[in-house]
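Protein chains in written order, with this note's numbering: chain A, 1 to 337; chain B, 1 to 337.
Read the hints as simulated data drawn from the structure, not as lab findings. Hints may contain errors.
Because identical chains cannot be distinguished in the list, a pair is counted as satisfied if it fits within a single copy or across any two copies.
[Said to hold, decoys possible] Computed cross-link-like contacts, DSSO-like style, restricted to lysine-lysine with a CA-CA straight-line distance of at most 30 Å:
#1 K250 / K216
#2 K216 / K70
#3 K70 / K250
#4 K100 / K291
#5 K47 / K100
#6 K216 / K47
#7 K291 / K70
#8 K100 / K250
#9 K291 / K47
#10 K101 / K250
#11 K291 / K101
#12 K250 / K47
#13 K101 / K216
#14 K250 / K291
#15 K100 / K216
#16 K101 / K70
There are 2 protein chains.
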Amino acid sequence: MDYDRYDRIRAVQWQGDHLRLLDQRLLPGEECWINCADAGQITQAIKDLAVRGAPAIGIAAAWGVALAAKQGEPLDEVLTTLRAARPTAVNLMWALDRMKKRIVAGADAAALVREAQAIQDEDLAANRRMGELGAALIRTHSGVLTHCNTGSLATAGFGTALGVIRAGVAMGRIDHVYAGETRPWQQGARLTMWELVRDGISAQLIADSAAAHLMKSGAVQWVIVGADRIAANGDTANKIGTYQLAIAAKYHGVKFMVVAPSSTVDMATGSGEEIEIELRDPAELLSTAGKRTVVEGARAWNPVFDVAPAELIDAIVTERGVIERPNSISMQAMFGW
Amino acid sequence: MDYDRYDRIRAVQWQGDHLRLLDQRLLPGEECWINCADAGQITQAIKDLAVRGAPAIGIAAAWGVALAAKQGEPLDEVLTTLRAARPTAVNLMWALDRMKKRIVAGADAAALVREAQAIQDEDLAANRRMGELGAALIRTHSGVLTHCNTGSLATAGFGTALGVIRAGVAMGRIDHVYAGETRPWQQGARLTMWELVRDGISAQLIADSAAAHLMKSGAVQWVIVGADRIAANGDTANKIGTYQLAIAAKYHGVKFMVVAPSSTVDMATGSGEEIEIELRDPAELLSTAGKRTVVEGARAWNPVFDVAPAELIDAIVTERGVIERPNSISMQAMFGW
């Protein structure tokens, strides 16, 4: 399968002495690149959502450690700062743990650069593999709905859920894609639609709240989403709205697929109940494009993730394989020690 | 019960020779009034969403007919044009039918002005009554979630779902209100929060997609929404997103209340399957505040209503009374001829 037509975006680029990041806050209006000259700037880019998407955050953080090593910074401090940049994404912890293991083993800066490059390369390969595995579950002439952005922008390339969609389109199984806007950051509207239009994939944007009505119309057979953390029982934390989609999918008999690299699986977290949900600034809901849209004095509640319980998930796809109707036993069989 | 503290907004005001409308597109940033000098301007205001909310649309249309009569316009033509302004809201048809009945009976312009005033006055009285009936269903110290705007702005005053919330707050039964943003027009963010903050009611805005996560937290005991059309079996068409809320509420054991004047009930429509769902311009999803936010070439699907089936509704509240767990039989008993 030749996927290259569907894989032309690289949002995280190592430049030898700095990291180049496509600023996802400005897309699709502007394609601006941020040159991060040190780990502090990478931490800030993660915090500010200039780079986002669980795998991309992990990759950027790994490069942050490598860059700090090259510059002789105290690596323990750098690891701590990077780790605190976003609390929910487990890939960040996973990538930093992997870098730390190399540091403890005495790796020099060059070896840490190689390790970061390996993390990035393996992510791309995992996405290609997940694309094939996930698309194989989908019948021809299907419509699918996705949420947030899980594409090349969110990963080393190709994408997780959007990788499955790309593979499904390339294999002739998916005819049409619906993307939810994904308030308040509009990752679906701004980023996923940008990727889909660039790739010439037949797609339409919907309001997040139109998903159930869409499912009722019969136009979608699968909801396909990424993950920020998958617990040991299959419960999956992902962008706010994922849980609602999973409930509506079950109600309509629409299938629900989670696609994420195995680094997203956190076997130390027993269930979704234990996952910390990041609350972000209410201002994200009170203003749009820098302009106040809600009356002064108004308050908001802005959780940016939620948890879809395993009972609502039909398939978890990682590069290691597919788990259908996940539970503690099947998760342990694939991801246990 | 003294509700006046919670009822200070009048968005549709008859001025003797023209109709004054609070332009809901500009709130909360600007409080601008539109002076409609003839029925054509009222039709345009309904089409453009300067006036919105099913009861308010019906009231504005009734004033359009009265104004046309005063100005000697051909009333049949005016009725046809007004009727076509918004297809889903049955109150519009109901108000125009009521005006037409008076016209057929030979009413003069003065009588038609009195009829429009009666429609407006009865709506306010109905809202006060529904507020009491709906709030009586709610236990003390409850949290509630509402969607879109169903307040004073959407009605003659006080509101339907928001009227129940106002009454519930006044009666000490509701401690806290959550309002969904209601994409793409943001009626919840712009209008409902404006009303809640003006009334000093404890409230927070949420992204539409955060509703299920909110319900899981246990913070809300009721979802309370308005209606644009209620079919003979209790199926309810309302703002896009209502259906999704009803599904999520059922999944969590959160109660679901529909509040609307009896003029919203359409016994000639057997079920929700027969209700025409208005599709609006995809541009509403592709741009924000006049600025393109989605990549050029992107398409969107923009249904602005959906249908919550009766099986997901715990109570329909009209000024005639409460129907719990509505179905064709209980609906017929209250609304049949």
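Inset, instruction - Give the relationship of K216 and K47 under a CA distance limit of 30 Å: within one copy only, between copies only, both, or neither. - result: Cα proximity of K216 and K47: across copies only (27 Å, versus 38 Å in one copy).
Legend entry - Up to 30 Å CA-CA - K291 versus K100, copy category: neither (42 Å within a copy, 45 Å between copies)
Legend entry - Within, between, both or neither: K100, K216 at alpha-carbon 30 Å: neither (48 Å within a copy, 37 Å between copies)
Inset, instruction - Evaluate K291 and K47 at a C-alpha cut-off of 30 Å and name the case that applies: within, between, both or neither. - result: both (21 Å within a copy, 26 Å between copies)
Legend entry - 30 Å Cα threshold - placement of K291 relative to K250: neither (38 Å within a copy, 36 Å between copies)
Legend entry - Up to 30 Å CA-CA - K70 versus K216, copy category: Answer is neither: 55 Å inside a copy and 47 Å across each miss the 30 Å cutoff.
Inset, instruction - First find the shortest C-alpha distance between K291 and K70 inside one copy, then the shortest across copies, and answer within, between, both or neither for a cut-off of 30 Å. - result: Cα proximity of K291 and K70: none, with 41 Å in one copy and 43 Å across.
Legend entry - Intra- versus inter-subunit Cα pairing at 30 Å for K101 with K250: Result: close neither inside a copy nor across copies, 41 Å intra and 47 Å inter.
Legend entry - K70 and K250: within-copy, between-copy, both or neither at 30 Å Cα: neither (50 Å within a copy, 56 Å between copies)
Inset, instruction - Indicate which option fits the pair K47, K100 if close means a Cα-Cα distance not exceeding 30 Å: within, between, both or neither. - result: within (21 Å within a copy, 61 Å between copies)
Legend entry - Homomeric proximity label, K101 with K216: Cα distance no greater than 30 Å: Result: close neither inside a copy nor across copies, 49 Å intra and 38 Å inter.
Inset, instruction - Pop the pair K100 and K250 into one bin, within, between, both or neither, using alpha-carbon distances up to 30 Å. - result: neither (41 Å within a copy, 46 Å between copies)
Violated hints, in rising order: 2, 3, 4, 7, 8, 10, 11, 12, 13, 14 and 15; the structure is consistent with all others.
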